[in-house]
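Asks: Position chain X against the provided structure of chain C, taking the given hints into account.
Here is how the chains run, residue by residue.
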Amino acid sequence: AQSVTQLGSHVSVSEGALVLLRCNYSSSVPPYLFWYVQYPNQGLQLLLKYTTGATLVKGINGFEAEFKKSETSFHLTKPSAHMSDAAEYFCAVLSPGTSYGKLTFGQGTILTVHP
Amino acid sequence: SQTIHQWPATLVQPVGSPLSLECTVEGTSNPNLYWYRQAAGRGLQLLFYSVGIGQISSEVPQNLSASRPQDRQFILSSKKLLLSDSGFYLCAWSTAGGAGNTIYFGEGSWLTVV
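Respectively, the protein sequence lines represent chains C and X.
For the first sequence, the residue numbers in my numbering are 8 to 122.
For the second sequence, the residue numbers in my numbering are 28 to 141.
Isolated chain C (complex conformation) (with noise of 0.2 Å):
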């Protein structure tokens, strides 16, 4: 079975710090992994996925996520915080092989980004 751990239900940072959102997962293979972004009150929207290939992937907005198979992580990265950034974040996982996409979401991260 599939797990998404990420830590940290809230991370606050200043408008042109770094901004970090860890996630881990369980995997007895390696998985597909996905960030969404959740503005309030709207659906889900795909940052950017890995599947195979380069493991440092780029995404919408500036973001950007690295897969590293050693320590079944896949950490949400941005240079330089906006405050249109705000939201929460949710890292998921699928495993290959299933003939439909039934994601395993983590519990979510709500990004704070203060002036």
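Treat the hints loosely; a few may be bogus.
To be verified - Across the chosen pairs, the derived CB separations fall in these ranges: (1) C:Q52 to X:P96: 38 to 48 Å; (2) C:G69 to X:P45: 36 to 46 Å; (3) X:A123 to C:E78: 28 to 38 Å; (4) X:I80 to C:Q52: 36 to 46 Å; (5) X:S28 to C:K75: 25 to 35 Å; (6) C:S33 to X:E49: 33 to 43 Å; (7) C:Q52 to X:T139: 18 to 28 Å; (8) C:V36 to X:N57: 35 to 45 Å; (9) C:S33 to X:E86: 11 to 21 Å; (10) C:L63 to X:G81: 25 to 35 Å; (11) X:S47 to C:E73: 23 to 33 Å; (12) C:E78 to X:S111: 35 to 45 Å; (13) X:S111 to C:T59: 24 to 34 Å.
What the hints assert, rightly or not - No more than 30 Å apart at the CA atoms, straight line, and that leaves these computed lysine-lysine pairs for BS3-like: (14) C:K76 to C:K65; (15) C:K109 to C:K76; (16) C:K109 to X:K106; (17) X:K107 to C:K109.
To be verified - Calculated from the model, a selection of chain C residues having no Cβ within reach of chain X, i.e. all distances over 12 Å: (18) G15; (19) E22; (20) L27; (21) Q45; (22) G50; (23) G69; (24) E71; (25) K75; (26) A99.
Please keep in mind that the hints were generated in silico from the structure rather than gathered at the bench.
Virtual Cβ for every residue (Gly too), placed ideally from N, Cα, C.
Replies: Relative to chain C, chain X alone:
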């Protein structure tokens, strides 16, 4: 381009009343369709998925049901709502086939059962 719509966006229903949330996808054919629920303070939980018309799989036992009467239409229903059914419901879709395909979410529907 593909779009996903779900409605209503918000509804308040009394305990014991029925529920119908609808979702449609445009710009693609034979998608995989999903209903997720996001309860307050929790992550997202997959409720149902469908790989074709009339094909519904349930992930968790519950008071809800789903139907797929048309290729790009997915409906979430209940005959009698419970207080515990309150939450944020998200419809989603992905292309059929590979598990690595991205899942795209609708804007969500807030359900408050009173």
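Asks: Output the indices of the hints that this structure fails to meet, ascending.
Replies: Hints 1, 4, 8, 10, 11, 13, 21, 22 and 26 not satisfied by this model.
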